[in-house]
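Trainee: Protein chains in written order, with our numbering: chain Y, 247 to 657; chain C, 247 to 657.
For the record, the hints were derived by calculation from the structure and aren't laboratory data. Just so you know, even glycine gets a beta-carbon here, dropped at the ideal spot from N, CA and C. It cannot be assumed that every hint is accurate.
Said to hold, decoys possible - Stretch by stretch, here's where chain Y covers chain C in the computed footprint (C-beta under 8 Å, at least three residues): (1) 286 to 298; (2) 353 to 367; (3) 473 to 480; (4) 504 to 517; (5) 607 to 614.
As the list claims (entries may be wrong) - Facing chain C, a subset of chain Y residues (Cβ under 10 Å, in silico): (6) ASP282; (7) THR297; (8) GLY306; (9) ALA336; (10) ALA337; (11) ASN349; (12) CYS468.
Protein chains: 2
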Amino acid sequence: MTPPPSRADCQGWDARDPLARIRDKFRLKPGVIYLDGNSLGALTHNSAACTRAMIEDEWGHDLVRSWNVHGWFDLPHRLGAKIAPLIGAAADEVLVADSTSVNLFKLASAAAMTRGTRHRIVTESGNFPTDIYVLQGLAALLGGAIEVVAAPRSELLSRIDESTFLVVLTHIHYKTAELLDLQAITSHAHAQGARILWDLSHSVGALAVDLGAARADFAVGCTYKYLNGGPGSPAFLYVRRDLQDTICPGLAAWMGHVAPFEFADDYEPAPGMARYRSGTPSLIAFAALEGALGIWDDIDLRDVRRKSEALSELFIARVEAVSGSGLALASPREPARRGSHVALTHARGYELMQALIARGVIGDFRAPDVVRFSFTPLYLRFVDVWEAVTILGEVLAALDCSELVRRSGVT
Amino acid sequence: MTPPPSRADCQGWDARDPLARIRDKFRLKPGVIYLDGNSLGALTHNSAACTRAMIEDEWGHDLVRSWNVHGWFDLPHRLGAKIAPLIGAAADEVLVADSTSVNLFKLASAAAMTRGTRHRIVTESGNFPTDIYVLQGLAALLGGAIEVVAAPRSELLSRIDESTFLVVLTHIHYKTAELLDLQAITSHAHAQGARILWDLSHSVGALAVDLGAARADFAVGCTYKYLNGGPGSPAFLYVRRDLQDTICPGLAAWMGHVAPFEFADDYEPAPGMARYRSGTPSLIAFAALEGALGIWDDIDLRDVRRKSEALSELFIARVEAVSGSGLALASPREPARRGSHVALTHARGYELMQALIARGVIGDFRAPDVVRFSFTPLYLRFVDVWEAVTILGEVLAALDCSELVRRSGVT
Chain Y
247 MTPPPSRADC
257 QGWDARDPLA
267 RIRDKFRLKP
277 GVIYLDGNSL
287 GALTHNSAAC
297 TRAMIEDEWG
307 HDLVRSWNVH
317 GWFDLPHRLG
327 AKIAPLIGAA
337 ADEVLVADST
347 SVNLFKLASA
357 AAMTRGTRHR
367 IVTESGNFPT
377 DIYVLQGLAA
387 LLGGAIEVVA
397 APRSELLSRI
407 DESTFLVVLT
417 HIHYKTAELL
427 DLQAITSHAH
437 AQGARILWDL
447 SHSVGALAVD
457 LGAARADFAV
467 GCTYKYLNGG
477 PGSPAFLYVR
487 RDLQDTICPG
497 LAAWMGHVAP
507 FEFADDYEPA
517 PGMARYRSGT
527 PSLIAFAALE
537 GALGIWDDID
547 LRDVRRKSEA
557 LSELFIARVE
567 AVSGSGLALA
577 SPREPARRGS
587 HVALTHARGY
597 ELMQALIARG
607 VIGDFRAPDV
617 VRFSFTPLYL
627 RFVDVWEAVT
637 ILGEVLAALD
647 CSELVRRSGV
657 T
Chain C
247 MTPPPSRADC
257 QGWDARDPLA
267 RIRDKFRLKP
277 GVIYLDGNSL
287 GALTHNSAAC
297 TRAMIEDEWG
307 HDLVRSWNVH
317 GWFDLPHRLG
327 AKIAPLIGAA
337 ADEVLVADST
347 SVNLFKLASA
357 AAMTRGTRHR
367 IVTESGNFPT
377 DIYVLQGLAA
387 LLGGAIEVVA
397 APRSELLSRI
407 DESTFLVVLT
417 HIHYKTAELL
427 DLQAITSHAH
437 AQGARILWDL
447 SHSVGALAVD
457 LGAARADFAV
467 GCTYKYLNGG
477 PGSPAFLYVR
487 RDLQDTICPG
497 LAAWMGHVAP
507 FEFADDYEPA
517 PGMARYRSGT
527 PSLIAFAALE
537 GALGIWDDID
547 LRDVRRKSEA
557 LSELFIARVE
567 AVSGSGLALA
577 SPREPARRGS
587 HVALTHARGY
597 ELMQALIARG
607 VIGDFRAPDV
617 VRFSFTPLYL
627 RFVDVWEAVT
637 ILGEVLAALD
647 CSELVRRSGV
657 T
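Same shape as in the complex, but just chain Y:
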């Protein structure tokens, strides 16, 4: 058995880290170890600068003419093209628009309109709620003409059958970080004659996804986690090229029209991804995202994934050494089956996280007893993870102590 890593080991890894140079692109708060990048990614200098330029040089200076002068109209496509290589898609298969929820609605409604005689959507129980709610809302709107089945993970594959027109799954689970096999499940869905939509919110920017190799039909995802686009930054959607012109979102709006500036009375969808646009998007939100996406140009996702696994492994190994802590791993133990965060359970998880935050270690709590720690390779160092677990150990000791005091009845 190898000895547990030391702080010096961590410093050595940091010194040899090919991504170490990226950390300087972020504006990080001294004294904080930020392990919640899977909820809200950190601010890049680039994002701040792009937003300032959008507001002062574009909106403030060129006003409405910016739509032409600064190419505002095509920004959803340009940003989509920047995300495409991160998810194994072609530049003309990805669009940035609206929120993940709204994009999911667009695609699920489009699939529902072309469902033929099938009437079921299969998703996973315990999926991130919005994915289920959007489908349930669609089913309610269609007056029960379609049905949403939320099956536990163990029954997922068997529930996809000849009645299923769409499968909606999240690639990396928001709570446990467990990875689904995107390629195998896509093939299975296709073999059953169903289309599949992947939610990549916890995947994009955390590891390489290959929608193209899997021939996945649809995907949506969020840009404010590992892509660092800013709080509530616009989401993306992907439609495989050969499907793009064969379906139409139930949410049709003017920017998706074939000729929006002809102001015609009848909706005629644009070809390609443009038909998946809806109303006028926030250009300021786009600017923050554009800045954040800029840093990906010279990043190799294999480096990202390698470091993500190493950071998570370091964390788990050190946590396991904090014996008798009452902590249990809620994520898969094998790195290959995990995304870029680690979930632990603890009976006093909420208190634990509050105490960690007070000590500058920022993770988050998910009811009833899960604490999540995210490992973002672009701005975290190995020493940060080392320190975080040291603090976690101290916080746990203090919690144990307060528990003893509580039980003893001393106030």
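For chain Y, the structure is supplied; the task is to place chain C on it using the hints.
Mentor: Chain C alone, transformed into the frame defined by chain Y:
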């Protein structure tokens, strides 16, 4: 007949203008007369400062904790409450979220699900396209169970009948600026047993709207025109309080859940306006809007409307004096029947607008022959309008000249 106003008259009006003090709150470009505030409002210093604070002090500094520390979660309601007094609504009847198109879809789908035996939505042909497209998309999604009738203005009232469950109209026409009688049409729709949804995109911030007095059911609107929220800033929606809990949007998502942080598998809508939320909104876009809305605290909408009419009247009176110009008024001549912009037609409208823009007078062109000029009382002076028409006259003279040259065959 009164003599036409002089430049000195304009200077006098500016000196006595109760809104003159507001102009300093905007960052305006010297040498530009901006008459396109009905397309994209101008930048306020406040908007730039709020966005910077959101990015650097909130996101950059407090990261994910900002959701609690800075009250991000309630921002859609707080911003809605700021818009409410501008449209005659109560603070808890307005929510800021998504785009106008998406909000229209939420409300039209909610109305469709509670339509009873009625099956028609009546709207106006020539309405702003997205309003029609959203309804057409909904009808397509519902497989023809509902029908969208787009009737010309002259037939609107007669088309609202016992088959109509929803009427969707824009209060101020995007092209002609013609005002509909919100109160009378709402009463007429109600008398026919139909609900009504008003698009207030060209109204809010331009004149006082009283949804409450009219007992209008629903409204949506845009915040990047007269509210100056920034390019593509989030839209708002209004639902009369007694209706809020009786309907549910077809687009259901996690922020509209009664307990979003319980992460339950089944959608249960929140009470009140919260159920009309969808996914996570851009906080950066919200910040720009929050800054822009801040300036309305001490503005009286009666002053705004009075000045809007005066500016438009000045413009029209001077344009009428540019005789033989080939310009025709495409907006109603009576100020009470007009919103805050003026549409003119000209056979060479596109060229005309390009030439105006080159001279620093920014309006816009709408195919085939309409040029629009918007009069935004918060940052326009009477002298600006005076100068704009002077330049318009010069540009027209040059166009006529080039036309003569063209006809004479001289190259």
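Trainee: It remains to establish, for every hint, whether it holds in the given structure.
Mentor: A quick look at each hint next to the structure:
no.	hint	verdict
1	286 to 298	holds (count 7)
2	353 to 367	holds (count 3)
3	473 to 480	holds (count 5)
4	504 to 517	holds (count 8)
5	607 to 614	holds (count 4)
6	ASP282	5 Å, holds
7	THR297	6 Å, holds
8	GLY306	4 Å, holds
9	ALA336	26 Å, violated
10	ALA337	22 Å, violated
11	ASN349	9 Å, holds
12	CYS468	8 Å, holds
Of the numbered hints stated above, those contradicted by the structure are hints 9 and 10, listed in ascending order.
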